[in-house]
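Each chain, letter by letter, is given below.
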Amino acid sequence: MHELALAEEVLIIAEQQAIQHSLSTINSIKLTIGALSCVEPEALRWALEVTLENTLADHAEIQLTIAPGEGKCGGCGASFAVTELPAPCPQCQNWQTQILAGQDMVVQQLAGTE
Amino acid sequence: MCGICGCESTTHEHTDQSHHPHSHDSHDHAKDEHAAPETETVQPELSSTRLIDVEARIQARNDSYAEQIRTRLAANQVWACNLLSSPGAGKTTLLVETIKALQPAIPLMVIEGDQQTDNDAQRIRQTGTPAVQINTGKGCHLDAHAVLHQLDHPALTESAILFIENVGNLICPAAFDLGEQARVCIISVTEGDDKPLKYPDAVLGSDLLIISKTDLAPYVDFDIGRCATNARKINPKIDVITLSAKTGEGITPWIDWIKASRQHYRQTSTLLTA
Numbered sequence: 077m078h079e080l081a082l083a084e085e086v087l088i089i090a091e092q093q094a095i096q097h098s099l100s101t102i103n104s105i106k107l108t109i110g111a112l113s114c115v116e117p118e119a120l121r122w123a124l125e126v127t128l129e130n131t132l133a134d135h136a137e138i139q140l141t142i143a144p145g146e147g148k149c150g151g152c153g154a155s156f157a158v159t160e161l162p163a164p165c166p167q168c169q170n171w172q173t174q175i176l177a178g179q180d181m182v183v184q185q186l187a188g189t190e
Numbered sequence: 002m003c004g005i006c007g008c009e010s011t012t013h014e015h016t017d018q019s020h021h022p023h024s025h026d027s028h029d030h031a032k033d034e035h036a037a038p039e040t041e042t043v044q045p046e047l048s049s050t051r052l053i054d055v056e057a058r059i060q061a062r063n064d065s066y067a068e069q070i071r072t073r074l075a076a077n078q079v080w081a082c083n084l085l086s087s088p089g090a091g092k093t094t095l096l097v098e099t100i101k102a103l104q105p106a107i108p109l110m111v112i113e114g115d116q117q118t119d120n121d122a123q124r125i126r127q128t129g130t131p132a133v134q135i136n137t138g139k140g141c142h143l144d145a146h147a148v149l150h151q152l153d154h155p156a157l158t159e160s161a162i163l164f165i166e167n168v169g170n171l172i173c174p175a176a177f178d179l180g181e182q183a184r185v186c187i188i189s190v191t192e193g194d195d196k197p198l199k200y201p202d203a204v205l206g207s208d209l210l211i212i213s214k215t216d217l218a219p220y221v222d223f224d225i226g227r228c229a230t231n232a233r234k235i236n237p238k239i240d241v242i243t244l245s246a247k248t249g250e251g252i253t254p255w256i257d258w259i260k261a262s263r264q265h266y267r268q269t270s271t272l273l274t275a
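Residue numbers (this note's numbering), protein chains in the order written: chain V, 77 to 190; chain B, 2 to 275.
Read the hints as simulated data drawn from the structure, not as lab findings. Just so you know, not all the hints are guaranteed correct.
Cross-link-like lysine to any residue pairs, in silico, SDA-like; alpha carbons within 25 Å at most [stated by the list, open to error]:
| id | chain 1 | residue 1 | chain 2 | residue 2 |
| --- | --- | --- | --- | --- |
| 1 | B | Lys199 | V | Gln139 |
| 2 | B | Lys238 | V | Ala157 |
| 3 | B | Lys238 | V | Arg121 |
| 4 | B | Lys199 | V | Trp122 |
| 5 | B | Lys139 | V | Glu146 |
| 6 | B | Lys234 | B | Ser270 |
| 7 | V | Lys148 | B | Arg233 |
| 8 | B | Lys199 | V | Gln92 |
| 9 | B | Lys199 | V | Ile88 |
| 10 | B | Lys238 | B | Tyr220 |
| 11 | B | Lys234 | V | Trp122 |
| 12 | B | Lys234 | B | Gly251 |
| 13 | B | Lys238 | V | His97 |
Taking CB as the label site, the calculated pair distances span [claimed, not checked]:
| id | chain 1 | residue 1 | chain 2 | residue 2 | range |
| --- | --- | --- | --- | --- | --- |
| 14 | B | Gln123 | V | Gln167 | 34 to 40 Å |
| 15 | B | Asp119 | V | Asp180 | 31 to 37 Å |
| 16 | B | Glu250 | V | Leu176 | 45 to 51 Å |
| 17 | V | Asn170 | B | Thr253 | 54 to 60 Å |
| 18 | B | Ala76 | V | Cys152 | 41 to 47 Å |
Just a sample of chain B residues kept apart from chain V, beta carbon distances all over 10 Å, derived [as the list claims (entries may be wrong)]:
| id | residue |
| --- | --- |
| 19 | Gln60 |
| 20 | Ala61 |
| 21 | Pro88 |
| 22 | Glu98 |
| 23 | Thr118 |
| 24 | Gly140 |
| 25 | Thr191 |
| 26 | Asn231 |
| 27 | Gly251 |
None of the values given here were measured: they were computed from a predicted structure. Backbone N, C-alpha and C fix where the C-beta goes; we use that ideal spot for every residue, glycine too.
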């Protein structure tokens, strides 16, 4: 379950930000998870709850937003939102979709106190 | 011991991006230890919540290690290939046949990933090619940090090929860039031709799909064409090669693919460093 490894990375980022901004407690963490990224968002939420226990982000509120992916048809050139694969082109129904966005997992923002 | 992340190797660098404290109790939570105000006025709200814009990719640290791997391999023009598959698709057997076809003309090294045992590394070593076994324990994937520790291996000489046989798992390894130049996904004919649709992350991130164990195709209901079509629905650019490590069918196109990919990499990396 690589969600735990990813949660560990979120904690590392939170700790780095806490040092940089002189925070002693992290109250909330806002994440954007691409619809085509390699993680199940709710599994990541669980992994975060477990990983953040007894840390400076203990019981931090986890705000998860799913960002839609973006595809471009290699046939007709149409661009369109992609929420899961496979994703045929909605214009020409071809199977030439190149994925342009939606694979990232990002810590957008966090809130904390000194 | 690495003074930054606590692991046994001292050979990797930590850029500012990857610097991290591991101690979870590294911050002083006792606010009342801060200097007290000089007046006796009670100040109920000594601190307020601050909102910090971060915009940091969760995989930034792994990816920074992967970039270090790329840089270090490029210094010797070492072409690295990461192999993903479900357990039992035939990665190790294919690597043994691949090694027989490539050696001794090309120096080779293999990094093996498994939860436990060094069985696969031993099988590789029997061919005369050096192999290092990484045991992930309860871990489900190799990451760039683990691979970076192996880059001082003496087998990684000028123009060598590094094969990385990932942990048998079609889900988690897809999320970890190992600094490879090529990623190969292997699906055997005993697995079902809808596999690419069920495990799109591995297919999306791969350059090549190998459909393996074709010698068993007459005994199973696996439609090779349908599997290739399914893979191309996920990743239109993926190459597809069918082969049997047992009979040797398809091994030549696979070796040709390796050599073409490697040649392209060597030409491109020469231009970058020129």
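Problem - Hints not upheld, ascending by number - result: 1, 3, 5, 6, 8, 9, 10, 11, 13, 14, 16, 17, 19, 20, 24 and 26
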